[in-house]
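In the order they appear, the protein sequences are chains A and B.
Each residue of the first sequence is one higher than the last, beginning at -13 in our numbering.
Each residue of the second sequence is one higher than the last, beginning at 12 in our numbering.
Treat the hints as calculated values from the structure; they're not laboratory data.
Don't take each hint at face value.
Which residues of chain A face chain B? A few of them, derived with a C-beta cut under 7 Å, are [said to hold, decoys possible]:
id, residue
1, P(-4)
2, P0
3, G2
4, M20
5, Y25
6, K28
7, S39
8, F61
9, L74
10, G86
In silico DSS-like links for lysine-lysine, alpha-carbon gap of 30 Å or less [unchecked claim]:
id, chain 1, residue 1, chain 2, residue 2
11, A, K28, B, K89
12, B, K89, A, K(-12)
13, A, K(-12), B, K73
What you are looking at is a predicted structure, and each value in this text was computed from that prediction instead of being measured.
Ideal placement from N, C-alpha and C gives every residue a C-beta, glycine not left out.
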Amino acid sequence: QKEVEQDPGPLSVPEGAIVSLNCTYSNSAFQYFMWYRQYSRKGPELLMYTYSSGNKEDGRFTAQVDKSSKYISLFIRDSQPSDSATYLCAMNTGNQFYFGTGTSLTVIP
Amino acid sequence: EAEVAQSPRYKITEKSQAVAFWCDPISGHATLYWYRQILGQGPELLVQFQDESVVDDSQLPKDRFSAERLKGVDSTLKIQPAELGDSAMYLCASSRDRATQETQYFGPGTRLLVL
C-alpha cells in the first residue's frame, strides 16, 4: 500500500464550478499537509500548507484535513481556466516528504 | 520573491553520455532536495542534503548518479552514463531546515530526454 493515495483523474469541470480534490494516507506520523499546483512542464508551486485538522482558507482555495479519517481535501471555489493544472498533495512526517501522484484538472471556459 | 534556480531547463543527450544539472536554492535554505518526476507521477526523492551533508540518498541509483553540495549552497546532480529510462523531469527543492514546521519550495525543473 502506498503511503499516499491520490486519484489521478483526469477531472474536467465547467468554469465557475466548485472543485474537490482528495488524498488519503496510511501513516499516522504525518504531521504536515501540503497542496502543490503544477502547470505542464513546470515545477510544483506551493498552494496551501497546514499542520492541524480542520480547514484553512486562502482566497478561492480551502484545505481540509481530517486526521481521524486520514483524509485531506482541497476545494477550489469559482474555478477558472487558469486553475487547469495538476494538483499534488504532499505530507511530511517531520523528516521525510511523501507525494501523491497528482490529479489532472481542466476547467472549461 | 526568492526562488530556486535550476539549469539547464532542457537537456537532450544520447544514452551513455554524461549529464549534469545545477541547482541554487533559496538564500538561507539549509536543506536541499533532488527529485525525479516521471510524467503522470509524483516527485520521487533522489537525495536530500542538510548543508553540505547527505542525509538521505537511499533512492539514488549510486552506480550512475552522484550529487554534491560542496559548500552547502548550490548543488550538482550528475548522471553517468545516461540511460533511456532516465528521461524525466529533475526537480530541485529547498527548505529552511529540517525542522518540522517548514515545507519546501521547488525550482522550475530540468527536463531530460535521453535518446
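Which numbered hints are broken by the structure, listed smallest first? Numbers 1, 2, 3, 5, 7, 8, in rising order.
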